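Participant: Please model the entire structure based on the sequences and the hints provided.
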Amino acid sequence: MSDMNQQMTAKYKNNFLKEIEEQAEMGDWVKMCMQCGVCSGSCPTNFHSGWDHPPQELFMLIRAGKRDEVLNSNSMWNCVSCYNCYVRCPRKIPITHIMHGIAEYAYRIGRAPKSQPTLHLSQTFWNNATKTGRVNEVKLTQTLYFKDGIASGIKKAMAMQDVALGLVKAKRLNPLEAVGISHKCKDIKGIHAMLDKARELEAKRKGRTA
Amino acid sequence: MTSVVATNQTILVVGGGIAGMTAALEAAETGKQVVLVEKNPYLGGRTVQLYRYFPKMCHPTCGLEINLRRLKANPRIQVLTMAEVTGISGGKGNYSVNVKLAPRFVNENCTACGECNKVATTEVADAFNYNLGKVKAAYLPSSMAYPQRYVIDPSVIGTAEASAIKAACKYGAVDLDMKEETVTLNAGAIVWATGWQPYDAKNIQPYRYGEFPNVITNVEFERLADPHGPTGGKILRPSDGKEAKNVAFIQCAGSRDENHLRHCSRFCCMASLKQTRYVQEAFGDAGKSTIYYIDIRAIDRFEDFYQEVKANPNVSFVKSKVARISEDKNGDPRLWGVNTEGYVRYSEPHDLVVLAVGMEPSVKGVNIPAEVMSDSSGFLMADPVNAGIFGAGCATNALDVNRAVQSATAAALRAVQVVNKVARAEA
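The listed protein sequences correspond, in order, to chains A and B. Going by the working numbering, the first residue of the first sequence is number 180, and it counts up by one from there. Going by the working numbering, the first residue of the second sequence is number 126, and it counts up by one from there.
There may be inaccurate statements among the hints.
In the SDA-like style, the derived pairs of lysine to any residue whose C-alpha atoms are separated by at most 25 angstroms in a straight line are [claimed, not checked]:
1) B:Lys197 to B:Asn133
2) B:Lys327 to A:Asn263
3) B:Lys327 to A:Met213
Here are some, though not all, of the chain A residues that point toward chain B, as calculated from beta-carbon distances under 10 angstroms [unchecked claim]:
4) Gln214
5) Ser219
6) Met239
Listed next, the stretches of chain B that the computed footprint assigns to chain A, with coverage defined by at least 3 CB atoms under 8 angstroms from CB atoms of chain A [said to hold, decoys possible]:
7) 437 to 446
8) 461 to 467
Everything labelled a hint here was simulated from the structure, so no lab data went into it. Given the structure is predicted, the values throughout are model-derived calculations rather than measurements. Glycine included, C-beta positions come from ideal geometry on N, C-alpha and C.
Facilitator: Printed below as a string of structure tokens:
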């Protein structure tokens with residue numbers, strides 16, 4: 180277990196609801212859930228293949244203080260952000276955002292599962308996008324396609340080549356990005372300063388050192 | 126012209142449902158002059174449209190009959206039907222009120238013999254039965270309508286059919302020259318008892334009400350079960366007239382939902398529990414009911430009613446807010462969701478789905494021509510700013526019949542206090 184995880188366990192003792200409220204994005208909505216189940220019923224993933232807990236069960240587990248069961252769960256990582264649950268929730272709870280908030284928190288304190296595909300995609304995208312302030316699409320797809328080895332990467336790339344050519348024709352994809360010649364933000368320094376400030380503000384709000 | 130005798134010691138009651146009738150009767154029986162204004166051509170409001178009411182499973186013919194008898198016996202109450210308040214001026218103890226009267230085209234000579242109905246040919250939507258059926262353009266709104274007088278639909282006025290209707294009446298009761306009129310009357314205090322309307326289930330998109338014929342509302346189900354209703358009391362589903370032996374009830378259809386009605390409508394749990402008894406009575410052990418609920422709120426003293434229904438093996442309970450409804454090829458509505466007791470996904474077909482829609486105050490969106498306070502759901506609140514206007518019944522809160530009567534009695538007492546002050550009978 181990471182230091183951060185131990186630090187948080189010590190800070191909140193057994194009050195996991197409070198921990199989620201203060202540390203996870205939109206976590207303060209968890210207590211508003213009235214367990215009607217419309218979110219779970221509306222989820223297009225059907226949570227059968229490997230979904231540990233549907234959303235309202237996850238919220239109940241948080242309130243019951245089942246810290247390990249929640250943080251080890253894969254539920255929040257399986258959310259496809261379709262927003263069906265959020266739209267139908269009778270309490271207008273931002274369920275989609277909470278799922279991402281819990282996932283992000285689990286990652287931050289070192290409790291994310293190893294080689295989690297959603298996490299890998301998010302990290303790759305974030306690193307790619309924050310480097311120059313704009314996404315380098317060619318490098319992003321390369322990293323994602325070849326994550327499981329060269330053979331599978333080539334197979335995926337071949338399958339998608341028509342789409343890629345179409346994008347190039349429509350000037351939505353620049354092949355030169357592969358060699359690092361890509362569109363950049365005019366003020367990269369400014370972007371980085373902004374991100375640093377955002378990180379600083381968030382840390383302050385959540386009561387911890389950046 | 127309609128003449129109304131009213132002074133600033135008169136109490137005006139707006140709305141002739143169970144609450145308005147009660148307020149009018151209570152006030153009149155203390156000796157006050159009362160004018161009762163009702164929008165429909167008959168008194169009784171939503172209560173008279175029920176088949177039976179909980180907890181004692183009384184028919185409205187019984188409960189309302191008592192009130193109608195009191196009303197007929199009381200010379201201090203003037204009843205104006207097909208009337209709407211369009212303007213209020215003045216203040217507490219001295220209001221001046223404009224009331225618009227729509228023409229009924231039938232005067233007080235009517236004996237309800239029904240000859241006019243026999244010659245009428247045009248059919249219009251049957252509002253009393255929530256438009257589930259049609260009625261002829263000369264109709265008695267319901268078998269126990271008070272006043273017991275026919276109504277002629279304005280759509281036939283000026284046609285040969287109207288002349289035939291007039292000719293068929295042996296009592297000279299049909300008056301085709303009636304016009305809309307506005308009367309102005311005085312009142313010392315006003316009881317606002319305009320009641321409720323069922324929440325428009327079309328707004329709850331995933332339930333597809335209005336698209337799937339076999340998805341109906343709880344108020345419509347009352348009419349299906351009623352022997353005076355469009356099916357003669359047989360519980361037949363609208364799409365193909367098949368007996369609906371497997372009925373699903375969806376609770377909180379609109380209520381307790383920030384996207385629809387914020388409040389708990391209170392009566393719907395009891396209403397669905399009651400309606401499972403209609404299914405049981407109609408089909409015996411072949412009639413199955415399933416209630417999909419978030420939690421059952423059998424308010425106040427009604428817990429025993431709930432326990433009784435729960436003990437019935439033909440009624441099952443699924444703890445779940447239904448996520449969506451689809452339709453099978455044979456017309457069966459299919460319910461999709463998750464049973465939160467055990468987190469089990471279900472996909473269940475039923476013969477008929479009854480949406481337990483909530484109560485929306487009728488005053489919501491209606492421009493009451495006076496300054497009154499209402500809460501975030503649109504119900505009238507008790508507030509000094511209301512001055513001599515007092516809310517009663519479902520205009521003030523989501524109430525069942527019993528509570529509406531209590532609320533109306535309270536409002537009547539407050540109104541009586543105001544007119545007593547006007548008469549200097551009370552400090």
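Participant: Confirm or reject each hint.
Facilitator: Hint check results:
no. : hint                 : result
1   : B:Lys197 to B:Asn133 : 24 angstroms, holds
2   : B:Lys327 to A:Asn263 : 18 angstroms, holds
3   : B:Lys327 to A:Met213 : 24 angstroms, holds
4   : Gln214               : 6 angstroms, holds
5   : Ser219               : 4 angstroms, holds
6   : Met239               : 9 angstroms, holds
7   : 437 to 446           : holds (count 3)
8   : 461 to 467           : holds (count 5)
Checked against the numbered hints above, the structure violates none of them.
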